[in-house]
Amino acid sequence: MKAFLRVAWLVVRKDLTVEIRSLEILSTTVFFAVTVVLVFSFGLIKEGRAPEDVAAAILWIAMAFAGTLALGRTFDRERQNETLRALLLAPADRPALYAGKLLGMLFLLALVEVLLVLLVGLLFQAPVFSSPALLIALLVSGSLGFASVGTLFAAMLVRARSRDVLLPILLYPITVPVMIAGVRGTAALFQAAPDEVMARFWLALLLFFDAVFVTLALWTFEPLMTD
Amino acid sequence: MSRIKAILVMVAAMFVAAPWIINAAPYESTMGLVQKIFYFHMPSAFLFLISAIVSGVYSAMFLFGKKPPSDWKALAAAELALVFGTITLVTGPLWARKAWGLWWVWDARLTSSLLLWMIFAAYLLLRRYGGPGSDKLGAGMALFGMANVPFIYVSVNYWRTLHPQTSVVPTLPVSMGGPLWFCFAALLLFFLTMMSLRVRLERQRAALERYYLSEDNP
Amino acid sequence: MRLCRALVCALVLALPAVAIAQPPAQQPPPAQGEFVPLSQVPPNEQIPAFTLVAVAYGFVWVVLIGYVWTVSQRLQKVERELSNLDRRGA
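Going down the list, the protein sequences come from chains S, C and X.
Residue numbering for the first sequence follows the working numbering, beginning at 1 and increasing consecutively.
Residue numbering for the second sequence follows the working numbering, beginning at 1 and increasing consecutively.
Residue numbering for the third sequence follows the working numbering, beginning at 1 and increasing consecutively.
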């Protein structure tokens, strides 16, 4: 167990170190997320008023789109620098590699989401500070669900043809429950009178999804990545 | 092979006979003639689900057992899932247009079926365009799709029922059992024979590949 | 010369856009807020049930036969290739 955590932490540290030097993925992902929010705003706002629940929807959609791009680019960087083979050859538990990659992706998503929440609160007057604990819990568990499946698929697809478009094609249908639960839970919190009971229900579903899919991903990472 | 052809001819004959058998069934009181679509729609939906589960099971067997025949069966079942899913998703709205006045409603069952269909469409796209190694990737994808089915159903269900309900799929009266089982039997036979045929296709393709590989490396 | 051609292309492409961009003559009818149960759909919007059933039945046939056909085509192609190789090689 300790070895597992140590390997995972080493992978996270490596990714963070590389990222901090260039900040490429973080800055472009953040800016892309902002662009998505704007595009959707222009599409949905009529006469200066947004339809109900649109703030929550845009938040999660922007996370999904930005997250997909970030996933593709993280593994692309590994492939281009041929470090993926080095990782796989390392005498490390494969699932630990997966966990490390997942944690790195979660960290990136967390940074993007902080900005998204503030932006959405600003643009749509959404009460983002009304139930901060529940909102954070929803975002964390939703991002975990999305990233757990996404990291696995992105790793799987790194050597496949048409991988850029195949990742969203494969990822979005599988993560629909995450999107539904995330949007509905967040929308319940963004109402004039926040519905915490509803939000807690969706949070429970998200946590259950996370438990099942992180386990499944850890279980299948080894057979999927062997060549 | 000739046995497969014989069974297929029989299935075709069953389908030709189907309208007469369906016509003999009593009319449903509120929906009249259009309810007859149900005799194709429900068996298709059922076989859609069965094909999906079969594909998922064989995918898991392939991932952990690594035997190619499991992969062939997973692929065959996935194609058949898409066939039956397409039939279900087209005959459903055709029925709904008359029964509910709408082509599509975002009700739990329809939405879940659409999502499952998309998962299998994605699986087939991956197998077709993913390049080498996509058999294992596809197996992973199918496994995740299967694991997802309960989540899809629960989340879509609660996503829908917290809004006003627009319609409910009617329950089946017993007197219409005969034609239903007839259609179900026909489609089930179709499923079994096409699985067998499609697996044979994969087996022959693998033999061909082995041939070419052995020619390259004598 | 190339600039000339580019300008002509741009004009040709822009022309339909200019033609379409007239302000709408009248307001479009208000969208339907919720679904209308069967009994209240006006008669001219109803599709005869027989058409729907026939289309459904026909579609099922098309899909099933189409699938059998594609599988048999692919199978014939592969088996032909295999028998060719058998004849040539062994």
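Worth flagging that the hints you see were computed from the coordinates, not collected in a lab.
There may be inaccurate statements among the hints.
[What the hints assert, rightly or not] Computed footprint of chain C on chain X; a stretch qualifies when at least three of its residues, placed anywhere within it, have a C-beta under 8 Å from a C-beta of chain C: (1) 54–60; (2) 65–78.
[To be verified] Which chain C residues face chain S? A few, computed with CB under 7 Å, are given here: (3) Leu-125; (4) Ala-147; (5) Val-149; (6) Tyr-153.
Even glycine gets a Cβ: it sits at the ideal position worked out from N, Cα and C.
task = Please count how many residues of the segment 65–78 of chain X have a CB within 8 Å of a CB from chain C and say whether that reaches 3.
result = Since three or more residues must qualify, the claim that chain C covers the segment 65–78 of chain X holds, with 7 doing so at under 8 Å.
Under the criterion of a CB-CB separation shorter than 7 Å, is Val-149 (chain C) in contact with chain S as hinted? Result: violated, 10 Å to nearest chain S Cβ.
| message | Between the segment 54–60 of chain X and chain C, are there enough contacts, at least three residues with CB-CB distance under 8 Å, for the coverage claim to hold? | response | Per the Cβ count (5), the hint holds.
Let's test the interface hint: is any C-beta of chain S closer than 7 Å to that of Ala-147 (chain C)?
Nearest chain S Cβ about 6 Å off; hint holds.
Hint validity - Leu-125 (chain C) Cβ closer than 7 Å to any chain S Cβ
With a minimum Cβ separation of about 6 Å from chain S (threshold 7 Å), the hint on Leu-125 (chain C) holds.
Worksheet entry | Hint check, Tyr-153 (chain C) versus chain S [nearest Cβ-Cβ separation less than 7 Å] | This hint is violated: Tyr-153 (chain C) lies away from chain S, its Cβ roughly 9 Å from the closest one there, beyond 7 Å.
When held up to the earlier numbered hints, the structure conflicts with 5, 6 and fits the remainder.
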